[in-house]
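> Spelled out, the chains give:
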Amino acid sequence: MLILIIMPIVQVLLFGFAMSTDVNNVDLAIVAPHRTEAIRKMVERISANQYFTFKGYIAGNAIDEELRTGAADAVAVFDEDKGMQIILDASNPNTATAGAAYLQGIMMSDSKNPMKLETHILFNPQMKSSYNFVPGIMGMIFIIICAMMTSVSIVREKETGTMEVLLVSPSRPLGIIFAKMVPYFVLSCLNLATILLLARFVLDVPMSGNISGIVIISLLYLLLALSFGLLISTFAKDQATALIISGMLLLMPIIMLSGLAFPVENMPGILQAISCIVPTRWYISAVRKLMIEGLPFIAVMKEFWILLGMTTAILLLALKNYKDKLG
Amino acid sequence: MNDIIISVKDLCKQFGTFTAVDHITFDVSRGEIFGFLGANGAGKTTAMRMLCGLSYPTSGSGTVAGFDVMKQGEQIKKRIGYMSQKFSLYDDLTVRENINLFGGIYGLSDARILRRTAELLDMLKFRSEIDTLVGSLPLGWKQKLAFSVATLHHPDVVFLDEPTGGVDPITRRQFWEMIYESAAGGTTVFVTTHYMDEAEYCSRISIMVDGQISALGTPSQLKAQFNAKTINDVFRTLARGAKRSE
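In order, the protein sequence lines correspond to chains A and B. Under my numbering, the first residue of the first sequence is numbered 1, with each subsequent residue one higher. Under my numbering, the first residue of the second sequence is numbered 1001, with each subsequent residue one higher.
In isolation and in its complexed conformation, chain A is listed as follows (with noise of 0.2 Å):
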């Protein structure tokens, strides 16, 4: 199979250009009531710097919004008496260590004017890297159980002919899939539940959103993830079939892609184009705000509508495909 071939090559080319844990950029906005000759000058050797995209001045009460929202990955706030202070977004808590680093670098630099600087982190405190995974995990585990394992599922009663004597039964075609589907939802929202409960309790994620939130997107991409295991068991004749592509076509991009290990703004331009076609990508981007920031349900909207109109595609194609293989 290409596959085979093709494969490994596409994984070289993508763990040695794209997948880094590098920071190649931070956001940055600055807040500086008086702006000095020194400040300016500051601000031009940030802009000019290529780790760091200068998003403008803000108002100091602005700051919360600014990182909250993601228009910015970090605040710089240039104090006359108290120096130079950075704010932090700590969701990832590896842009914050690199974004810190940068702008402490600039500031050695210009060792004609130093300035004290302080640092505040944002929203993860201890810097935890749990917290950004836990969303990450949920999107992958959730595209296992009810992706891969349904479509597992469907096809194995395919391989053994129990599909065919289903089928010849007065079953209704549509009855038997959704009887496939519904142990695997079933398991996924008690996973749902458990995973909460843990980053709640144990891992101590801090949860500030509303659950409900958390709940109701979680719940529209295992319909997602359903529909993509009913749409790869119309094209799989065989269990090993159907595992082979929903490791190569869901997985791997999912690892890759998503953002569960890889930041996506670190990805080139064409990587990032692609990660847009990754649900997970929408799904974990969600989880996170939801999550981790704490922000209501409106801020993820965009994320809901996208995973909304690629569910109802989805279903409508595995269904489509479903029947037609029929005849």
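These are computed hints drawn from the structure, not numbers from a lab. Hints are not guaranteed to be accurate.
In silico DSSO-like links for lysine-lysine, alpha-carbon gap of 27 Å or less [claimed, not checked]:
{"no.": "1", "chain 1": "B", "residue 1": "LYS1086", "chain 2": "A", "residue 2": "LYS325"}
{"no.": "2", "chain 1": "A", "residue 1": "LYS237", "chain 2": "A", "residue 2": "LYS320"}
{"no.": "3", "chain 1": "B", "residue 1": "LYS1142", "chain 2": "A", "residue 2": "LYS320"}
{"no.": "4", "chain 1": "A", "residue 1": "LYS55", "chain 2": "A", "residue 2": "LYS302"}
{"no.": "5", "chain 1": "A", "residue 1": "LYS237", "chain 2": "B", "residue 2": "LYS1142"}
{"no.": "6", "chain 1": "A", "residue 1": "LYS237", "chain 2": "A", "residue 2": "LYS302"}
To spell it out: a stretch of chain B is covered by chain A in this simulated footprint if at least three of its residues, at any positions, have a beta carbon under 8 Å from a beta carbon of chain A; those stretches are [stated by the list, open to error]:
{"no.": "7", "region": "1075-1082"}
{"no.": "8", "region": "1094-1106"}
The beta-carbon is built from N, C-alpha and C at its ideal position, and this holds for glycine as well.
Following the hints, complete the assembly by docking chain B onto the known chain A.
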């Protein structure tokens, strides 16, 4: 006694440019054991799938148990039983659980399921195995059990797709006795097979070659028509494309 339970006229099935079933026409009467013979790839399974409502004919018409195969598939499914080439029972469930499952699917009441379970297991003589996983039963037993489950709801027709693959001759003989009993009870049996010797057990047979029916009649009629000693010889003649008649 001559009421027709399956009637097929000019039935065709095309997959793209490939004609799997090419204008077949035949009737089956109630209580008959109808053998649908042919080599692998001749189109037997495709034809049978159309009769079971598993696939739509490209053209032609047919009725099974009085219902149209094109438009009344759902009704047909309630009145037929089916045993696939791969046996069709769940290996991970016990005998009892399989019977309960299919009983439920065919809409039998709990009481009726219990009664039928008792009847079937007595007939098969494996009452003691009721709670064994089907996967651990020997092939011959699985096969007989699958047939029993297919006839659980007393269907008008039971379709058997190559039911005796891979079994020893004694088990095959026992299986055919079950088929005789079923037919004697009024169930029409439609069986496809590529074992030509099993043709002798049927009331009437048809032989398919390249999607068409090349021979149709009782085993004796065909043997006389083709001047052959066994149906196997009849088949060889047909397959070769030559015919000898008196």
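> Sort out whether LYS320 (chain A) lies within 27 Å of LYS1142 (chain B), counting only the CA atoms.
Between LYS1142 (chain B) and LYS320 (chain A) the Cα gap is close to 35 Å, so the pair fails against 27 Å, i.e. violated.
> Given the hint that LYS237 (chain A) pairs with LYS320 (chain A), test it: the Cα-Cα distance must not exceed 27 Å.
Holds, at roughly 17 Å.
> Does LYS302 (chain A) lie within 27 Å of LYS237 (chain A) when you go C-alpha to C-alpha?
Not OK: LYS237 (chain A) and LYS302 (chain A) at ~36 Å, beyond 27 Å, violated.
> Need the status of pair LYS237 (chain A), LYS1142 (chain B): alpha-carbon distance at most 27 Å?
Answer holds: LYS237 (chain A) to LYS1142 (chain B) is near 24 Å, not above 27 Å.
> Within a Cα-Cα threshold of 27 Å, do LYS1086 (chain B) and LYS325 (chain A) meet the stated pairing?
It holds: about 20 Å lies between the C-alpha atoms, which stays within 27 Å.
> Tell me whether the statement that chain A covers the region 1094-1106 of chain B is true, taking a Cβ distance below 8 Å and needing three residues at minimum.
holds (count 3)
> LYS55 (chain A) and LYS302 (chain A) were given as a pair; does the straight-line alpha-carbon distance stay at or below 27 Å?
22 Å, holds
> Apply the coverage criterion to the region 1075-1082 of chain B and chain A: a residue qualifies when its Cβ sits closer than 8 Å to a Cβ of the chain, and three qualifying residues are needed.
The restraint on the region 1075-1082 of chain B holds, since 4 of its residues have a Cβ under 8 Å from chain A and three suffice.
Violated hints, in rising order: 3, 6; the structure is consistent with all others.
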